[in-house]
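Chains as they are written, first to last, in the numbering used here: chain Z, 700 to 942; chain E, 700 to 942.
Misleading hints may appear alongside valid ones.
Heads up, the list lumps identical chains together, so a pair's fine if it works in one copy or across two of them.
To be verified - Taking lysine-lysine and the DSS-like style, the derived pairs with C-alpha atoms no more than 25 Å apart in a straight line are:
1. Lys-732 - Lys-922
2. Lys-717 - Lys-796
3. Lys-709 - Lys-922
4. Lys-717 - Lys-922
5. Lys-781 - Lys-922
6. Lys-867 - Lys-717
7. Lys-843 - Lys-799
8. Lys-702 - Lys-772
9. Lys-796 - Lys-922
10. Lys-796 - Lys-712
11. Lys-843 - Lys-781
12. Lys-868 - Lys-772
13. Lys-843 - Lys-922
14. Lys-781 - Lys-712
15. Lys-867 - Lys-702
16. Lys-799 - Lys-922
17. Lys-709 - Lys-781
18. Lys-709 - Lys-799
Quick caveat, the hints were computed from the structure, so don't treat them as lab data.
2 protein chains.
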Amino acid sequence: MEKITLADIKWIKSLHEKKNRSAENCFLIEGRKLLDEAIMTPNIRITMVVLCSAYDQELHLEEDTQVLFASEKEMQRITCLKNHANVLAVVEIPEVKNLKMSRAICLDKLQDPGNMGTIMRIADWFGINNIVASNDTVDVFNPKTIQASMGSIFRVQVHYVDLTEFLKKSTLPIYAATMDGEPYHHFNFENNGLLLIGNEGNGISPEISEIITHSVGIPRIGKAESLNAAVACGILCAHWSIK
Amino acid sequence: MEKITLADIKWIKSLHEKKNRSAENCFLIEGRKLLDEAIMTPNIRITMVVLCSAYDQELHLEEDTQVLFASEKEMQRITCLKNHANVLAVVEIPEVKNLKMSRAICLDKLQDPGNMGTIMRIADWFGINNIVASNDTVDVFNPKTIQASMGSIFRVQVHYVDLTEFLKKSTLPIYAATMDGEPYHHFNFENNGLLLIGNEGNGISPEISEIITHSVGIPRIGKAESLNAAVACGILCAHWSIK
Numbered sequence: 700m701e702k703i704t705l706a707d708i709k710w711i712k713s714l715h716e717k718k719n720r721s722a723e724n725c726f727l728i729e730g731r732k733l734l735d736e737a738i739m740t741p742n743i744r745i746t747m748v749v750l751c752s753a754y755d756q757e758l759h760l761e762e763d764t765q766v767l768f769a770s771e772k773e774m775q776r777i778t779c780l781k782n783h784a785n786v787l788a789v790v791e792i793p794e795v796k797n798l799k800m801s802r803a804i805c806l807d808k809l810q811d812p813g814n815m816g817t818i819m820r821i822a823d824w825f826g827i828n829n830i831v832a833s834n835d836t837v838d839v840f841n842p843k844t845i846q847a848s849m850g851s852i853f854r855v856q857v858h859y860v861d862l863t864e865f866l867k868k869s870t871l872p873i874y875a876a877t878m879d880g881e882p883y884h885h886f887n888f889e890n891n892g893l894l895l896i897g898n899e900g901n902g903i904s905p906e907i908s909e910i911i912t913h914s915v916g917i918p919r920i921g922k923a924e925s926l927n928a929a930v931a932c933g934i935l936c937a938h939w940s941i942k
Numbered sequence: 700m701e702k703i704t705l706a707d708i709k710w711i712k713s714l715h716e717k718k719n720r721s722a723e724n725c726f727l728i729e730g731r732k733l734l735d736e737a738i739m740t741p742n743i744r745i746t747m748v749v750l751c752s753a754y755d756q757e758l759h760l761e762e763d764t765q766v767l768f769a770s771e772k773e774m775q776r777i778t779c780l781k782n783h784a785n786v787l788a789v790v791e792i793p794e795v796k797n798l799k800m801s802r803a804i805c806l807d808k809l810q811d812p813g814n815m816g817t818i819m820r821i822a823d824w825f826g827i828n829n830i831v832a833s834n835d836t837v838d839v840f841n842p843k844t845i846q847a848s849m850g851s852i853f854r855v856q857v858h859y860v861d862l863t864e865f866l867k868k869s870t871l872p873i874y875a876a877t878m879d880g881e882p883y884h885h886f887n888f889e890n891n892g893l894l895l896i897g898n899e900g901n902g903i904s905p906e907i908s909e910i911i912t913h914s915v916g917i918p919r920i921g922k923a924e925s926l927n928a929a930v931a932c933g934i935l936c937a938h939w940s941i942k
């Protein structure tokens with residue numbers, strides 16, 4: 700096992716930023732649970748694993764994975780977390796397969812990385828394998844997204860597209876979560892369709908509002924101004940899945 | 700308007716920690732939206748407001764609220780956020796009124812402050828005015844909880860109690876969210892009852908599992924190991940509210 704070098708540290712830290720992840724075509728995962736999920740997932744290539752002194756559990760890695768050893772201090776320099784997780788890995792960004800799908804969650808300018816990760820986990824729970832995101836939606840390989848996805852990042856594909864164009868071309872019903880939509884429990888969602896979730900502060904974009912086929916709401920009884928976007932997505936996916 | 704002093708800065712920073720919030724009986728809020736909600740809520744006492752140079756909107760404060768002026772640099776020292784919000788306020792912890800309630804969300808060792816805030820927002824949306832939390836649940840006045848609650852902190856009461864004792868004494872049905880519970884949509888939740896959400900990693904405590912009256916699950920179709928605790932709470936509250 701080699702010791703981590705200053706150049707390695709610098710390179711790994713550069714992957715905290717989206718532009719470098721895109722240029723290098725890889726992203727970071729941290730913690731044993733995520734690493735195990737990556738190892739178990741076919742077609743996921745782990746190029747580098749960094750372990751620190753405190754780490755002594757056995758790993759089942761491919762032979763071409765570079766394994767580096769880091770001190771506590773070095774680990775704390777490369778982590779995206781407040782406290783490092785004893786193991787960090789560099790994973791190649793998987794190829795996104797074709798866009799033909801019968802059901803998906805669509806994200807219109809979603810900005811919060813935690814919401815993005817939580818929505819991936821919801822999709823994964825309810826067996827929805829595709830998320831279609833507008834090009835200006837938060838990056839799926841943001842470290843906070845990856846942590847919040849709890850491993851669903853390896854099972855749910857995210858397609859970044861011109862969302863307006865994508866929706867215009869689609870023949871599927873588009874169920875958009877809106878503040879004043881028809882109560883969701885009055886709807887019989889079709890099995891095949893698209894569930895559209897808007898931006899946390901502004902909801903659905905005006906140009907997309909024009910092309911949705913159904914506006915779906917979650918009736919409010921109390922006084923909160925809105926629900927969290929991921930929670931709204933969860934409520935609608937749960938309803939969709941029992942139909 | 701006075702300038703902020705070093706002593707003020709030190710004191711405000713001390714309120715980032717729970718033990719000091721308890722000792723001083725106050726907590727911090729940041730941003731105009733939260734401050735407006737605090738101003739509009741009867742019986743919420745704002746003791747101090749700190750503004751920075753960039754801030755020029757009018758505020759409608761009580762006469763006894765101390766207003767301090769801080770530089771960008773001073774603001775960045777006292778904020779709990781990555782980037783300060785131009786306005787920060789110190790608010791007295793409101794008195795929690797009696798524990799008699801017909802419906803509530805109960806939290807068993809919930810640890811994530813974001814989840815706590817999101818659950819307050821869910822409660823507020825669905826008109827559930829009380830949350831009963833085990834004594835070892837995350838602090839409701841944690842800055843991350845307050846941000847995630849989006850103002851619901853001023854409308855939903857959180858009671859910290861010995862949760863096992865509380866549930867033992869209650870005569871209400873206890874609907875516990877569990878991984879293997881009966882599918883939620885087969886249930887007719889009674890209007891009066893308690894919805895119990897467990898710890899993010901470990902679920903419901905063993906001693907509490909023995910006293911729940913109904914174990915409620917959200918059927919999984921895909922492969923995620925679990926749903927986020929706040930999302931599960933949202934799905935069950937939505938179902939509860941349409942019954």
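Comparing the hints with the structure gives:
In this assembly of identical chains, the alpha carbons of Lys-732 and Lys-922 lie at most 25 Å apart only when taken from different copies (15 Å versus 39 Å within one copy). For the identical chains of this complex, Lys-717 and Lys-796 are intra-copy neighbours only, at 21 Å inside a copy versus 48 Å across copies, given an alpha-carbon limit of 25 Å. For the homomeric pair Lys-709 and Lys-922, neither the shortest alpha-carbon distance inside one copy (48 Å) nor that between copies (35 Å) is at most 25 Å. Taking identical chains as interchangeable, the C-alpha atoms of Lys-717 and Lys-922 are never at most 25 Å apart, the minima being 37 Å within one chain and 27 Å between chains.
Taking the closest pair of Cα atoms, Lys-781 and Lys-922 never come within 25 Å of each other, the shortest separation being 34 Å inside a single copy and 28 Å across copies. When the C-alpha separation of Lys-867 and Lys-717 is checked against a cutoff of 25 Å, the pair qualifies neither within a copy, at 29 Å, nor between copies, at 51 Å. In this assembly of identical chains, the alpha carbons of Lys-843 and Lys-799 never lie at most 25 Å apart, being 28 Å within a copy and 39 Å across copies at closest. Proximity of Lys-702 to Lys-772 under the C-alpha cut-off of 25 Å is restricted to the intra-copy arrangement: shortest distance 13 Å within a copy versus 39 Å between copies.
Taking the closest pair of Cα atoms, Lys-796 and Lys-922 come within 25 Å of each other only across two copies (19 Å); inside a single copy the shortest separation is 43 Å, beyond that limit. For a Cα distance limit of 25 Å, the shortest separation of Lys-796 from Lys-712 qualifies neither inside one copy, at 29 Å, nor across copies, at 49 Å. In this assembly of identical chains, the alpha carbons of Lys-843 and Lys-781 lie at most 25 Å apart whether taken from the same copy (11 Å) or from different copies (14 Å). For a Cα distance limit of 25 Å, the shortest separation of Lys-868 from Lys-772 qualifies neither inside one copy, at 52 Å, nor across copies, at 50 Å.
When the C-alpha separation of Lys-843 and Lys-922 is checked against a cutoff of 25 Å, the pair qualifies only between copies, where the shortest distance is 21 Å, while the shortest distance within a copy is 30 Å. Taking the shortest alpha-carbon separations for Lys-781 and Lys-712, both the intra-copy value of 14 Å and the inter-copy value of 19 Å come in at or below 25 Å. Taking the closest pair of Cα atoms, Lys-867 and Lys-702 never come within 25 Å of each other, the shortest separation being 53 Å inside a single copy and 56 Å across copies. Taking the shortest Cα distances, Lys-799 and Lys-922 sit within 25 Å of each other only across copies (21 Å), while inside one copy they are farther apart (40 Å).
Taking the shortest Cα distances, Lys-709 and Lys-781 sit within 25 Å of each other both inside one copy (18 Å) and across copies (23 Å). In the homo-oligomer, the alpha carbons of Lys-709 and Lys-799 never lie at most 25 Å apart, since the shortest distance is 39 Å inside one protomer and 57 Å across protomers.
Of the hints listed earlier, those the structure fails to meet are numbers 3, 4, 5, 6, 7, 10, 12, 15, 18, in rising order.
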